[in-house]
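Peer 1: Construct the complete structure from the given sequences, taking the supplied hints into account.
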Amino acid sequence: MVLTSTPSEKERMLEDAAVKGRSLWDDARTRLLRNKAAVAGLILLCVLVFLAFIGPLLWVHDSSFIYRDRVQIGPTFENLHLFGTDAQGRDLFARVLVGLRMSLMVGVVATMVSLAIGVLWGATAGFVGGRVDQLMMRIVDVLYSLPFIFFVIILMVVFGRNIILIFVAIGAVEWLTMARIVRGQTIALKGMEFVEAAQAAGVSQFSIIRRHIVPNVLGPVVVYVTLTIPVVILAESFLSFLGLGVQEPLTSLGNLISNGARDMEIAPWTLIFPALTMMITLFCFNFIGDGLRDAIDPKDR
Amino acid sequence: MPAYIVRRILVAIPTILVIITLAFFMMRGAPGGPFDLERPMPEEIRQNLLAAYGMDQPVWKQYVDYLGGLVQGDLGPSLKFRDKDVADIIAEGFPVSATVGLLAMSLAVVIGTVFGSIAALRQNTGADYGVVAFATVGIVIPPFVVGPILALTIGIYLGWLPSGGLDPRHGMTLDRLILPVVTLALPQIAIISRLMRASMIEVIRSNYIRTARAKGLSAPAVIFKHALRSAILPLVSYLGPASAALLTGSIVIEQVFSLPGIGRQFVFAALQRDYTVVMGVVILYASLIIILNLVADLLYAALNPKVKYD
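Top to bottom, those sequences are chains A and B. Each residue of the first sequence is one higher than the last, beginning at 1 in my numbering. Each residue of the second sequence is one higher than the last, beginning at 1 in my numbering.
Some hints could be false.
Here are the simulated lysine to any residue pairs, SDA-like style, with alpha carbons at most 25 angstroms apart [stated by the list, open to error]: (1) B/K80 with B/L102; (2) B/K306 with B/A198; (3) A/K36 with B/K80; (4) A/K36 with B/Y129; (5) A/K36 with B/Q57.
Source of the hints: derived by calculation from the structure; they are not laboratory data.
Peer 2: This is the structure:
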C-alpha cells in the first residue's frame, strides 16, 4: 500500500474499493500468487499434467511397444529414447508418462473418495451434534488407531488387484482427518453471528448451508485436499512397490520404481527417471498445498 | 495415574477386537485358500487338510475358536510352513524388525532434536535454511525411493556398505544395518527437525527464557536446562504416530534390503493366503501401536506438570 498518496488518489482508491469489494478468495489468490514456490509448483504441475495426459498421444514411441533389439539401452538421442529403455525393450519416457498419468489419476480420484466420505461424515456429525456426534467421532477415533495400510494390503490380496478397488481402498483410508476438519469447522460456524443473523432473517436452511457454511468450510478443505493428493500417490506407489498395486499392462510411478529398483545394477536409469518424476510431482503438490494454506489461513503466518 | 492406565487398556480391548474381527472376516472372504496349489490336489486330501486346521467348520465357529486360542496366547499354526507356529515365525522376524525400528527411532530423535534446535537458535542463517530444505526434501521423498538409491550409490557404486540381507554367519551386524536404519529414519528426522524448530523458536521467545538470560545464566544452561525441557514436548506427543510410521515403513525397508523381518513375512503371508500369520502380524502391530501411543502419552504427562491424568 502506498502511504504517501495525495487525497485525490486516496479518494479514487476508496471509490475503487467501493465499486468492487475484495472477497476472501481474491485476497487468498493475491497472497498465493505472491508465493514464488507455490507459483513455480503450480506451473510445473500444469506442465506435468499436460505431459501425462497429452504426451503419450504425441510421443514417437508407444508405451507398450517392445523393441526386441533395444533392451535396456541407456538414455540416448538416437531413436529418441530420452530415458532409455526398460528390461523388456520399451521406451522408458513413454512409460514414465503413462505411469505419471496413472499416479495422478489415483491421487485425484482416491482423494475425491476421501473428500466425499469425510465431508459427509464430518458435516453430519457437526450439524446433528449431541449423541450422534459423539458416536460418529468415537468411531473415527477407533479407526485412527488401526494400522490401516495392513488393511489395504489385505484388501488388495482378498479382492484381487483391481484398479477401482485401489481408488476406493486408499480413499476409504484417508477420510478420517477430513471428517475431523469438516466437523470442527461446521461446529464453529454453527455458532457464528452471521449464521444466527441469517436464521433470524428467515433464510432457509439450505440457503444458509450453501451461502454461509460451504464457502467457509471450503478453505481448509481445499488446503487439505491438495495435501492429501501426494499422500495418496505415495500410498499407491507403496502398494505397487510391494507388487500389490496397479498391474501390467497398466503401470504407475510406484510400479516403475519397483522395477527400476530390481534392475538398478545393470540399468540405473530405470530407477532414476521414475524416482525423479515422482519426487518432482510430490514437491509440486506440497509447495502448492503449503502456499494455499498460507494464503487461505493467514492466522498461521 | 494407575486408574488412567487401566482405563486406556480397557478402551484398547474393543479396538483390538474390531481389528481382529475385520482382519479375520476379510481374509476368510477371499477367493482362493491356503491349500490352492498350482496342481489341484485330490479332494480327500483337501478335506483332510481343512479338517486338520479346523477349516471345515462354519466360519463363526472358526472365529470363536480363534478368539478362544488367542485368549490363551495361541496364535495358531502357520498354514504354509507345516512345521511352524505363527509364534515361531514372529519370534524369528521380530528381533530384526525391532532392532532396525528402535535404532531408526533413536537416530531420528537425536538428529531431529539437534537439527531442529540448531535451526531455531540460528534462525534465518545458512544453517537454518539448510535444515528447512533438508526437512522439506526428507518429508517428500518416500523410503522406497531413498532405499534403492542409497543401495545403488553407497552399496554398489561406492561399495562402502553391503546393500542387502543379513550376514549369513553373524546375523545382524552394524555394517548391514546402517543403510536400512538410515533409510527408515530419514523421513522421521525430517519431521522431527521441523517440529523441534517450530517449538524451540516459540520457547526461546518466552518470558521465562528472557528471565533466565537476564539473571546471567550461560547460554548452554539456558538452552539445556530451561528451553529444551519444554521445547521437547511436541516431539514426545509425536512419538506415538512416529512409531506407527516406522512400523509401516519397515515393510518397505525389509523388502528393499531383503531383511528377514516381520514386515516381509507379512507381505509374503498375505500373498500366500497364510491366514493365521497375517492375523498374528496384524494383531502384533496393532497392539504395538496402541502400547507405544500409551507410553508416549504417559511420558508426556511425566514431562509436563501441566498435564495430569486421573
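Peer 1: Looking back at the hints listed earlier, which ones does the structure fail to meet?
Peer 2: 1, 3 and 5
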